[in-house]
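Peer 1: Here's the letter readout for the chains.
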Amino acid sequence: MRTRKVNMIISLVTIMGGMALVVACGQRNATTVIEGDAAEQVYIAPGEYDEFYAFLSGGFSGQITVYGLPSGRLLREVPVFSQYPENGYGYSEESKPMFNTSYGFVPWDDSHHIELSQQNGEFDGRWLFVNGNNTPRIARVDLSTFETVEILEIPDVAGLHCAPFITENSEYLVSGTRFSIPIPQKDVPIDTYKENFKGLINYVSLDQDHGTMELAFQIEMPGFNYDLARNGKAVSHGWSFLTTYNSEQAHSLLEVNASQKDKDLMAIINWKKAEEYVAAGKFTERPTSYYHNLMDESTGIAHSQEMKMTRILKPEDCPEMVYFIPVPKSPHGCDVDPSGEYIVGNGKLSADMSVYSFSKIMKAIEEKNFDGEIEGIPVINYDAGLHGILQKPGLGPLHTEFDERGNAYTTFFISSEVVKWNVDNLEILDREATFYSPGHLVIPGGETRKPEGKYLVAMNKITKDRYLPTGPELAHSAQLFDISGDKMKLLLDFPTKGEPHYAQAIRADKVKPNSKKFYNIEENAHPYATLGESKTKVVREGDEVHVYMTAMRSHLAPDNIEGFKVGDKVFFHVTNLEQDWDVPHGFAIQGATNAELLVMPGQTKTLLWEPKKVGVYAFYCTDFCSALHQEMSGYARVSAKGADVPLKWGLNETLRENQEQAEKFYEQLENKSK
Amino acid sequence: MKKRILPLILLVTSLISSCGSGGGGEEKKTDTGTEIKSELPSSIQEGKGVGGITDVELSDEPNAAMVAEGQAIYDMKCASCHKLTDQRVVGPGFQGVTNRRKPEWIMNMITNTDVMLDKDPEAQKLLEECLTRMPNQNVKEKDARDILEFLRRNDLDKTGEKDGAI
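Residue numbers (the working numbering), protein chains in the order written: chain A, 1 to 674; chain B, 1 to 166.
Check before you lean on any hint, since a few could be wrong.
Heads up, simulated DSSO-like pairs for lysine-lysine below, C-alpha to C-alpha not over 27 Å straight-line [stated by the list, open to error]:
1) 273/A to 314/A
2) 517/A to 158/B
3) 535/A to 512/A
4) 142/B to 102/B
5) 517/A to 569/A
6) 512/A to 140/B
7) 450/A to 510/A
8) 142/B to 83/B
9) 537/A to 83/B
10) 263/A to 368/A
11) 535/A to 83/B
12) 329/A to 282/A
13) 194/A to 314/A
14) 392/A to 308/A
15) 308/A to 360/A
16) 535/A to 142/B
17) 517/A to 142/B
18) 535/A to 102/B
19) 535/A to 158/B
20) 512/A to 454/A
21) 360/A to 272/A
22) 613/A to 641/A
23) 510/A to 464/A
24) 516/A to 140/B
25) 516/A to 83/B
Simulated from the structure, these hints should not be mistaken for laboratory data.
All chains, please: the whole structure from these sequences, using the hints.
Peer 2: The following block contains the structure:
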């Protein structure tokens, strides 16, 4: 017993020593001296614009952050899966439905992979998609407004990590379950994993005019963990490639038990074939529940719909739709080069990287060069599909992006570096240390047919030594490299928000010209819009009071309101009458238990306020708007429940007139009820 | 291009405003004053402001249909700052505006607000009074014309006079 313990300690020490060496290796250049003109290369003079937009997911922040490249300046945070007090997203009445799911109102998620819409394998700058990992969801952001306009839940999956990978004409967003679960969910012992757990690969189709998402079909797969995907392009268009781990089908201590086999699997899906099977009715309909939340463009109001049916395709009923091929141990990366011919499969726990050839895979399929099958799915012979092996490029290969010159760039998590290699001849060309442990990396267009290999951003998971310390929690760091020459060159570090997981970058001129500056007030179809100050009013409907308010620099109308009562539900519908760029108005009221509103020019937004105590409460504009911004405020008087204080409102001398108007209103109401 | 022009405009503007406040009135024509005045576009010197509107033709009687259209736009986009009386709220009251300003100036102020505030001395005087920049409400030229007609009607109703600045 004792000897065994000692042995264990020795081996632990050895492992840790080895790790220290590896880490020390990565840290050797912690104080890297940036070469002479690096600062100049990232310097964007005041008033000048960056060349690229980079969209970074926010990981556990649930959001997206937008940076300019090469400056690394933070341009904006786009709220997606988490409530955002800065502008009331998820708190305002219009946006609350965005968080509806089959689990109820879920105001947080873990956002992972950014996918920009494409046409012919190139970014078109229309929409951006991102997945919610925890409550399986996919969101769409409109790039004319940088607002989240749609969230679709994906049913019967767990940990939607493998999402939302797009096809080259934005036909589909492909996703896979990271964790297999019982389908449909049921109460079973966990150790019946092998019998009861299944994995789903999901295809969400996109309406090409509006980008609206629809769950087209799901493919039922063996109970493995589906981790990352890429879709084919050019020659391989019509196919999807997904890495899977835990082909051992373990359910406990996965770091050991799911790493037993030397090779796991890559799933290869012919989605055009799957489309044919769907058209031919080869699916089974299964009752389920998932939510589809869509923002109405003209009202700015989100609506939720519960969907109750899904279409399942089973590989055994649909021959030639799904294949497997072995991939090195515990893969995490799966990337397709710009030509569409080469597919890189990375095993995190393998020293080698397997690069597959699409044409060889097709040939192997044609010749039925299979090594058996798994649950009716043929397993392609590994060597038959292989283009070659990149031998010992580094430790812990994760993700690969490409330039337009035939090179690939792979992050190595354990040895903390980016390695540049030639895809065709598998020759290693260069390596640069990162600080430290990079996950994904991004090259503008590096996932598409048309990369722009000027810059590379590595997103690092560990940040020690890079910035002034801020307690135990540090911002993650992104590092910008110049990759235009033979050697990569570090230009800049910049801190990021949350745990940015993946990013995509697009040439600014594909997005900037379409950027909306304000909402045309003429087109505002919000049912509680107030299109002009003369139309402001306050309407009581039982315990609900609706305030039709307008905002203009520098006043809110009405600014004095009396007649609220304890227990009322007061809806402030604030319309910003401005039609000028960059003049949002804010609205906050004391005692509100949710957030503020930030209303863009021409928009209407609604804040619910439930006064609990008698008194006079101030409200005001939160976004500094003019020299008289401080004066942009007002009072709401709250009387006791049952008090006979009449409802009246006004702005300046018109308060009295409105009292008359109020009386008239009640008169009319009475006449109506007679 | 725009970026480079802007500082120039600002420079000229600041010269104009410092001149205006220091020079003390039009009679006192310093060399600098004359020089800068001659640099002003002729449309500004003519009291038409600056912008796309150079010549407005008016019928004697305000066109009723245009007045109605103009009022609807006024209600939605202008009324929160401009009253129809002579009372200043955020912006100046509209009463008598067509007797003080040429129709071109009014329409340029509505459609070319930012440039007017940066270049036109009369617009700048108003900004100094009101201390809130008039927002660009993105009013189309046709709509601005309707608003003008509505303002003429308003002046007729309130003062019995219109177009006094022509």
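Peer 1: Please verify whether residue 512/A and residue 454/A have alpha carbons no more than 27 Å apart.
Peer 2: The given pair, whose Cα atoms are some 20 Å apart, holds under the 27 Å limit.
Peer 1: Can the restraint linking residue 535/A and residue 142/B be considered satisfied, given a maximum Cα separation of 27 Å?
Peer 2: holds (24 Å)
Peer 1: Between residue 308/A and residue 360/A, is the straight-line Cα distance small enough, at 27 Å or below?
Peer 2: It is violated: about 41 Å lies between the C-alpha atoms, which goes past 27 Å.
Peer 1: Mind checking the alpha carbons of residue 517/A and residue 142/B for me, to see if they're no more than 27 Å apart?
Peer 2: Judged against 27 Å, a Cα distance of about 21 Å means the pair holds.
Peer 1: Run the distance test for residue 450/A versus residue 510/A: straight-line Cα separation, threshold 27 Å.
Peer 2: OK: residue 450/A and residue 510/A at ~14 Å, within 27 Å.
Peer 1: Verify the proposed pairing of residue 537/A with residue 83/B, using a straight-line Cα cut of 27 Å.
Peer 2: The hint holds at about 18 Å.
Peer 1: Quick one, are residue 517/A and residue 569/A close enough, alpha carbons at most 27 Å?
Peer 2: Given pair residue 517/A, residue 569/A is violated - Cα atoms ~33 Å apart, limit 27 Å.
Peer 1: Taking 27 Å as the top limit, are the C-alpha atoms of residue 535/A and residue 158/B close enough?
Peer 2: holds (23 Å)
Peer 1: Please verify whether residue 263/A and residue 368/A have alpha carbons no more than 27 Å apart.
Peer 2: Roughly 21 Å separates the two Cα atoms, so the pair holds.
Peer 1: Hint check: residue 142/B vs residue 102/B, CA-CA at most 27 Å. Holds or violated?
Peer 2: holds (17 Å)
Peer 1: Would you mind confirming whether the straight-line C-alpha gap from residue 329/A to residue 282/A stays at or under 27 Å?
Peer 2: violated (34 Å)
Peer 1: Straight-line Cα separation of residue 510/A and residue 464/A no greater than 27 Å?
Peer 2: With a Cα-Cα distance of about 36 Å, the restraint between residue 510/A and residue 464/A is violated, given a limit of 27 Å.
Of the numbered hints stated above, those contradicted by the structure are hints 2, 3, 5, 12, 14, 15, 18, 23, 25, listed in ascending order.
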